[in-house]
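As they're listed, the protein sequences go chains A and B. Our numbering puts the first residue of the first sequence at 1, with every later residue one more than the last. Our numbering puts the first residue of the second sequence at 1001, with every later residue one more than the last.
Hints are computed from structural coordinates only; laboratory data are not their basis. No experiment lies behind these values; they were computed from the predicted model shown. We put the CB at the ideal spot given by N, CA and C, even for glycine.
Pairs of lysine-lysine residues, derived as DSS-like cross-links and limited to a Cα-Cα distance of at most 27 angstroms, are as follows:
no.: 1; chain 1: B; residue 1: K1044; chain 2: A; residue 2: K70
no.: 2; chain 1: A; residue 1: K239; chain 2: B; residue 2: K1044
no.: 3; chain 1: A; residue 1: K79; chain 2: B; residue 2: K1044
no.: 4; chain 1: A; residue 1: K160; chain 2: B; residue 2: K1044
no.: 5; chain 1: A; residue 1: K94; chain 2: A; residue 2: K79
Incomplete in silico selection of chain A near chain B, CB under 8 angstroms:
no.: 6; residue: V106
no.: 7; residue: G108
no.: 8; residue: A109
no.: 9; residue: S110
no.: 10; residue: A111
no.: 11; residue: D112
no.: 12; residue: T113
no.: 13; residue: S115
no.: 14; residue: T117
no.: 15; residue: I145
no.: 16; residue: E146
no.: 17; residue: Q153
no.: 18; residue: L155
no.: 19; residue: D159
no.: 20; residue: D161
no.: 21; residue: E241
Residue strings, one per chain:
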Amino acid sequence: MLQILLLAVQIRRDSQGRLIRVWTVGAVSPFERVGNSGVTGIRGAWNHYFALQNTSRENERLLHENNTLKLQINQLQSKAAEADRLAALLNFRKSQQSVPMLGARVIGASADTASQTAYLDRGERDGIRRNMAVITPDGVVGKIIESYRDTSQVLLLTDKDSGVGSMLADSRIQSPVGGTGEPLLAMKYVANDDAVNLGDRVVTSGMDRIFPRDLPVGTVAQIKPGNPFKQIRIRPAAKLESLEEVIVLLSLQPLDLKKEPETPSAGLAEKTAPGLPRPEKP
Amino acid sequence: MNDTYDLRVAETHIEVHQFRGGAIVATTLLALLVQTSLPVYFPKFSIIDLPLLITIYFGLSRRNPSTGLLLGMAIGLLQDSLSGPTVPLGLYGIAKTIIGYLASSIGARLDTEHPAARFALTMVFFGLHQGLIVVTRRLLLAQPETWFTMPLGIAAAVNAVVGVLLFMLLDRLRKK
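Throw the hints in and build the complete structure from the sequences for me.
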C-alpha cells in the first residue's frame, strides 16, 4: 500500500500533475461541491426568506419615493406645458408687435350650464372692451361680451350665440361659422356645389370686423349634404375645453395681423410655436 | 327650544329641519363659486347644476313654501348675474323660484328623506326646471330652444345621483 502511495507521489500526469494530487482532488471535490451548494442554498434561504425584516421597510420607502417622484414628474410636466403655452403666447406677441394685445388668464366659467363663456382676470382697467377679439396661438377663442373693472367675460366660439366670419383657407369660400352649444362648430352657408373636403382648414375672413383675417378657426370634421346648404361641422383650432391663457386683441378697429409664410395645413400655432401640438385632424 | 316640530296635526311624521346659523347662505355661495370655477379645470362638470340641487334640497328640508320661493329666487338671480349677458336676468330666477316653491310644498306633504325619493324628485325637478327655461326662452325671449335632447336626459340622471350624495352631505348641517 505504501509502495503504491509512493508510486502515486512520483507518477506525474501530463496535464494534471502528480497522481496523488489527482486522487486527492478527485476524492475531496465532490464533498466540496456538496458543501458549497448546501452553503449557497442555506445562504439563499436565509437572505430570501428569513432575513427579510428590512425588506418590507425598504419596500415602503421605495414606494413612497416612487410616489414622490411621480408627483414631481406631474408637476414638472404641468410646468413644462405651461412654459410651452406661455412661450407660444410670447412668440405670437413678438411676431405681431404692431398689434396691441394683452395676455389674460381664464379664472372662471358661466354659472349657466348651457352657456359657453369664460371669465378672464383682466378687465376695463387693462383696456378690455366689449367686442374685442380673444385668441390663442392655436386659433380663435371668441369675443369679449362684457367687461367689468378687473374681469371680463368671453363668449366662446362654441356658444349657440357665437359666430365668426370665416372662409375655407384653400378655396377661399366664405361662410360664417357659429357655435352649436356642442364641441363642434357649424359652417352654415356653403352651397352643395362647392367642393369641401374633410380636414380643410377654416380661417377668419375679417368680414365681421372683430377678428383679423386669416386666423385659424378650425378644420372641417364632418360634411353632410343638406338643402340648400351643406351641413359642415368644424373642429375648433383653439382648445376651448381646456383654456388657461388667452390673448385679447386690444382694438375695436379691424386689425391686420402680420402675414407669415404660408405652409400647407399649418395653423398659426405651428408658425409661431413649433413645440405646440398641431390642431387635431379628424 | 324645539329644533324640529310637527308641521300639522294630520301630518305628524313630517319634520321641518333647522340648519346651523349661516349654513344656507354659505352653502349657496359655495355652490355658485364651485359652479363657476370647476368647469375651467373639469369641463364635464358643467353638466351639474349645483344651484338647482341646493334649491331643491333646502326647499325639501325647510318645507315652507315662502322660504323655498324666496331662496329659489335669490339663487336663481345670483346664477343669472354670474352667467353674463347671454342669459337675461330672471331666466333662472323664474325657474328656480317655481322649483323652490314646489320643492317646499312637496316636502311638506311627503317624506323626502329616503335616497330613492330624493333621486326621483331631483330628476323630476331637473326636467321641470329645464322645461321652465325652455318655455321662458320661447315665449318671452322668442329664442328657439329644443324641449328635450339625450344629453339633457343624461344630465338629469347625473344630477339626481349627485343630488342624492350631496343631500346626504348637507344633512350634516342640520341641527340635531
